[in-house]
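Chemist: Each chain, letter by letter, is given below.
2 protein chains.
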Amino acid sequence: MQKPIIYLQRPFREEFIAKIKEIAPDYQVNTELSDEELANVEITVGWKKEKELALLNHSNLKWVQAVSAGVDYLPLSEFEKHDILLSNGSGIHAVSISEHIIGTLLAYYRGLNQSTKNQMAKKWDQAGIHYDQLSGKNLLVVGTGHIGKQLSASLESLGVNVYGINTTGRPVDGFIETYSIKNLSKIVEGMDIVVGILPGTEATYHIFNSDIFNHMKASAMFVNVGRGDTVHTKELATALKDQQLAFAALDVFEEEPLPVDSQLWDLENLLITPHISGMTVDFQLKFMNIFLKNLKNYVEDGELVENQVRLKRGY
Amino acid sequence: MQKPIIYLQRPFREEFIAKIKEIAPDYQVNTELSDEELANVEITVGWKKEKELALLNHSNLKWVQAVSAGVDYLPLSEFEKHDILLSNGSGIHAVSISEHIIGTLLAYYRGLNQSTKNQMAKKWDQAGIHYDQLSGKNLLVVGTGHIGKQLSASLESLGVNVYGINTTGRPVDGFIETYSIKNLSKIVEGMDIVVGILPGTEATYHIFNSDIFNHMKASAMFVNVGRGDTVHTKELATALKDQQLAFAALDVFEEEPLPVDSQLWDLENLLITPHISGMTVDFQLKFMNIFLKNLKNYVEDGELVENQVRLKRGY
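Heads up: the sequence lines are chains G and U, in that order. Everything in the first sequence is counted per the working numbering, starting at 1 for the first residue and increasing by one. Everything in the second sequence is counted per the working numbering, starting at 1 for the first residue and increasing by one.
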């Protein structure tokens, strides 16, 4: 009888493939797949659209280990129907995204974006530089998962007061106070910085809209590194134009790449980054820290211990 | 007999002037000065070039409270000759400069400078973005004074390994290890980031020169927020062009404003900011925390307790 297959849909270094084989000696590890092998696939690492139908309909798939944190692009209801376990890569990108967020805050507060523009024009303009102090500011993390917790910990010695929002308002370590998402518009009123790190679900669609922006301080900054469609782009553009809030930094967008005719490109008080906040060095090592732990547990008792996604909830 | 005069060469809010009068009731507080009053000046806050000769030659000056941290623009040998005490504003700018430095590090590591340039061209370029992780990096602070200590503390929760350089290599809290300035070229070899926060003295003139840049890693970043002439500008420009080091961020320059024909403006791997790192909110409050403490002690026993400059040493 053929061994069940662990199908790696992304390249990994030989050292990691060796570890997979050591932990799961009864499995075969494939990076390519023939039609005959399809039926034996039990575990897949990564998820490519072009293999989706084949895997769902013709394999013996039991576990999908996604590489990304967000899983809204996966066929969650199909997984549920077929009793397929799903785990994600949440946490891998946490340090990078946290550093990215702090970078955007300080780049704005210390006039670095403005300085870069002035430098291109060979312009020495001290008087025109906007500056402020991060230390002492109130920052609201909307989404208190891996990234939110990492961000909160990283901000600790920078003197920032970090508050959190999650579905129910349940307390989370590292946050001064956490509130329910129901109270978002009320809570942003007292915040100097609002950071969106939400997954894409029906409940979070366009949750950052004109109502929220209208409740924010005119001096406030908004950062989004969650899903692009958690932000109502047009209403944010209007709010920025009208100085309803002072500055925004977006790494994710409703449409990516951001179309060249988007009005966002021209906004002086917006920093656009091209979905790079999660790019991280040593990605394979960080990913394998999750996958190998899950694999060990899976071969022993068929369950996952890290980052299992609740399929109904979507994260 | 006329009261001795505290001469404020910069504007301060009424609340602070009231506090000065409360602490030093036997003094008169002036923001303007007539020729007749000159002889009665005993204390000055701030130092303007146009008043220099008059104060040195015709006043009864005993104490100069400078507003800046660096005092290399002051007539230190004259102060010494006339037994004039000098204190500086070191520490006022520490949080701002520390935030500025961290901002420049993360702006480089997270591709924000590049993104700003791409945004101006409406260019979505994910593949071309340089990214790296600050956490885990080795950072050398050259100059372990107020700012260096603040920087080290702020970096604590960001996972950076902070080393220090000072004159003698004496240990300083918050640094994993401190080394003598004599060993600078050797020590930079192991560092991912080198931050210059040195005062301008004969000993520090052009201390960051081709010898140091040649010893740095090709992947390393250099930041200077100390005095402009601690850097040999031409040799840094050459080192950046030759990729002897990867990136630099300069806030101070040998000539300010940086001349429009400087070759620095065009360097892709350099961030230029126009001497703004020390700009700080609540400046008056931060300054008065130093001055009022000194004033209280000065009127009681003629000595300073905060930030006294050793005139021979120059800081």
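Calculated directly from the structure, the hints in this document are not laboratory data. Computed from a predicted model, the values in this text were never measured in an experiment. Mixed in with the good hints, there may be bad ones.
A pair holds if it fits inside one copy or across any two, identical chains being indistinguishable in the list.
[Stated by the list, open to error] Derived EDC-like pairs (lysine to aspartate or glutamate); straight-line CA-CA distance at most 16 Å:
hint, residue 1, residue 2
1, 117, 266
2, 241, 268
3, 48, 32
4, 217, 256
5, 81, 242
6, 122, 268
7, 186, 229
8, 62, 78
9, 122, 255
10, 117, 268
11, 122, 256
12, 182, 72
13, 117, 301
14, 123, 261
15, 312, 80
16, 182, 211
17, 149, 177
18, 122, 22
19, 123, 256
20, 122, 266
21, 296, 50
22, 19, 211
Chemist: Hint by hint, note whether the structure agrees.
Modeler: Each hint, compared with the structure:
In this homomeric assembly, residue 117 and residue 266 come within 16 Å of each other (Cα to Cα) both inside a single copy, at 13 Å, and across copies, at 12 Å. Proximity of residue 241 and residue 268 under a CA criterion of 16 Å is satisfied intra-copy only: 9 Å inside one chain copy versus 30 Å between copies. In this assembly of identical chains, residue 48 and residue 32 lie within 16 Å of each other by CA distance solely inside one copy; the values are 13 Å within and 75 Å between copies. When the C-alpha separation of residue 217 and residue 256 is checked against a cutoff of 16 Å, the pair qualifies neither within a copy, at 29 Å, nor between copies, at 36 Å.
Neither within a single protomer nor between protomers do residue 81 and residue 242 lie at most 16 Å apart by alpha-carbon distance, with minima of 47 Å and 59 Å respectively. Taking identical chains as interchangeable, the C-alpha atoms of residue 122 and residue 268 lie at most 16 Å apart only when they sit on different chains, with a minimum of 13 Å there against 18 Å within one chain. Taking the shortest alpha-carbon separations for residue 186 and residue 229, neither the intra-copy value of 21 Å nor the inter-copy value of 51 Å comes in at or below 16 Å. For the homomeric pair residue 62 and residue 78, the shortest alpha-carbon distance inside one copy (12 Å) is at most 16 Å, but the shortest distance between copies (83 Å) is not.
In the homo-oligomer, the alpha carbons of residue 122 and residue 255 lie at most 16 Å apart only across protomers (14 Å), although the nearest pairing inside one protomer, at 34 Å, exceeds that limit. Taking identical chains as interchangeable, the C-alpha atoms of residue 117 and residue 268 lie at most 16 Å apart whether they share a chain (10 Å) or sit on different chains (13 Å). For a Cα distance limit of 16 Å, the shortest separation of residue 122 from residue 256 across copies, 13 Å, qualifies, whereas the shortest one inside one copy, 32 Å, does not. In this homomeric assembly, residue 182 and residue 72 never come within 16 Å of each other (Cα to Cα): the closest approach is 22 Å inside a single copy and 57 Å across copies.
Taking the shortest alpha-carbon separations for residue 117 and residue 301, neither the intra-copy value of 57 Å nor the inter-copy value of 52 Å comes in at or below 16 Å. Taking the shortest Cα distances, residue 123 and residue 261 sit within 16 Å of each other only across copies (11 Å), while inside one copy they are farther apart (28 Å). In this homomeric assembly, residue 312 and residue 80 come within 16 Å of each other (Cα to Cα) only inside a single copy, at 8 Å, whereas the closest approach across copies is 77 Å. In this assembly of identical chains, residue 182 and residue 211 lie within 16 Å of each other by CA distance solely inside one copy; the values are 13 Å within and 59 Å between copies.
Within a single copy, residue 149 and residue 177 get their C-alpha atoms as close as 13 Å, which meets the 16 Å cut-off; across copies the closest is 30 Å, which misses it. In this assembly of identical chains, the alpha carbons of residue 122 and residue 22 never lie at most 16 Å apart, being 58 Å within a copy and 48 Å across copies at closest. Within a single copy, residue 123 and residue 256 get their C-alpha atoms only as close as 33 Å, which misses the 16 Å cut-off; across copies the closest is 12 Å, which meets it. Proximity of residue 122 and residue 266 under a CA criterion of 16 Å is satisfied inter-copy only: 8 Å between copies versus 21 Å inside one chain copy.
In this homomeric assembly, residue 296 and residue 50 never come within 16 Å of each other (Cα to Cα): the closest approach is 28 Å inside a single copy and 76 Å across copies. For a Cα distance limit of 16 Å, the shortest separation of residue 19 from residue 211 qualifies neither inside one copy, at 51 Å, nor across copies, at 45 Å.
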